[in-house]
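Participant: Let the sequences and hints guide you as you build the complete structure.
If you read the sequences in order, they're chains A and B. Once you know that position 4 of the first sequence is 4 in our numbering, the rest is easy, because the numbers rise by one and skip nothing. Once you know that position 106 of the second sequence is 106 in our numbering, the rest is easy, because the numbers rise by one and skip nothing.
Lysine-lysine pairs mimicking BS3-like chemistry, simulated, CA-CA at most 27 Å apart:
hint, chain 1, residue 1, chain 2, residue 2
1, A, 79, A, 59
2, A, 42, B, 68
3, B, 78, A, 42
4, A, 59, A, 109
5, A, 69, A, 57
6, A, 105, A, 42
7, B, 24, A, 42
Hints are computed from structural coordinates only; laboratory data are not their basis. As the structure is a prediction and not an experimental result, all values here were calculated from the model.
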Amino acid sequence: EDQVTQSPEALRLQEGESSSLNCSYTVSGLRGLFWYRQDPGKGPEFLFTLYSAGEEKEKERLKATLTKKESFLHITAPKPEDSATYLCAVQGLSNYQLIWGAGTKLIIKP
Amino acid sequence: DAGVIQSPRHEVTEMGQEVTLRCKPISGHNSLFWYRQTMMRGLELLIYFNNNVPIDDSGMPEDRFSAKMPNASFSTLKIQPSEPRDSAVYFCASSLGLAGALQETQYFGPGTRLLVL
Numbered sequence: 001e002d003q004v005t006q007s008p009e010a011l012r013l014q015e016g017e018s019s020s021l022n023c024s025y026t027v028s029g030l031r032g033l034f035w036y037r038q039d040p041g042k043g044p045e046f047l048f049t050l051y052s053a054g055e056e057k058e059k060e061r062l063k064a065t066l067t068k069k070e071s072f073l074h075i076t077a078p079k080p081e082d083s084a085t086y087l088c089a090v091q092g093l094s095n096y097q098l099i100w101g102a103g104t105k106l107i108i109k110p
Numbered sequence: 001d002a003g004v005i006q007s008p009r010h011e012v013t014e015m016g017q018e019v020t021l022r023c024k025p026i027s028g029h030n031s032l033f034w035y036r037q038t039m040m041r042g043l044e045l046l047i048y049f050n051n052n053v054p055i056d057d058s059g060m061p062e063d064r065f066s067a068k069m070p071n072a073s074f075s076t077l078k079i080q081p082s083e084p085r086d087s088a089v090y091f092c093a094s095s096l097g098l099a100g101a102l103q104e105t106q107y108f109g110p111g112t113r114l115l116v117l
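Facilitator: Listed below in structure tokens is the structure:
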């Protein structure tokens, strides 16, 4: 059964304190792994898609990496505006559906 | 582009009443998804349309839920009769929906917060 697990559930950091969020997955053939950001009261906002192990993508202070079992979202020198819930989802080869993780709530304190 | 548009943004109703949620996908997108999000269950796919045709409605909780897509620019999700356990945030998302696409990014609307009293 396809499954996505995100950790930690919540993460509190000081402004400027770098860290990483984890997304572990099991899927019968990976078509794509997606990272989204969700602010309170808003819909998920697309960040990255990763297709194969070893791939990396960057956007401002965020960098996403992918292995055969997990993905990391690295946050470098975060700012308070990076506070949000970060969602991970995978799409397998045998299914069009996205399998969603429960998300990591990130809080950056000034 | 305006992005995915949903209405209403908030809906408060009483148990037993009919609720209709509306969605306008991104122009040119051929796939449309309805999701429900709760604290307990996270994001759940309810139904998926491609080229206005329902492809998979296995996520629809029960017969009280129905969805239509009469044309490429409009979809509705209806709950009749509504129950308190239907209280959640309902999202609409769209993607290009190209045949043979390896993957397609889904773009979400702002959601409708539904409270059934």
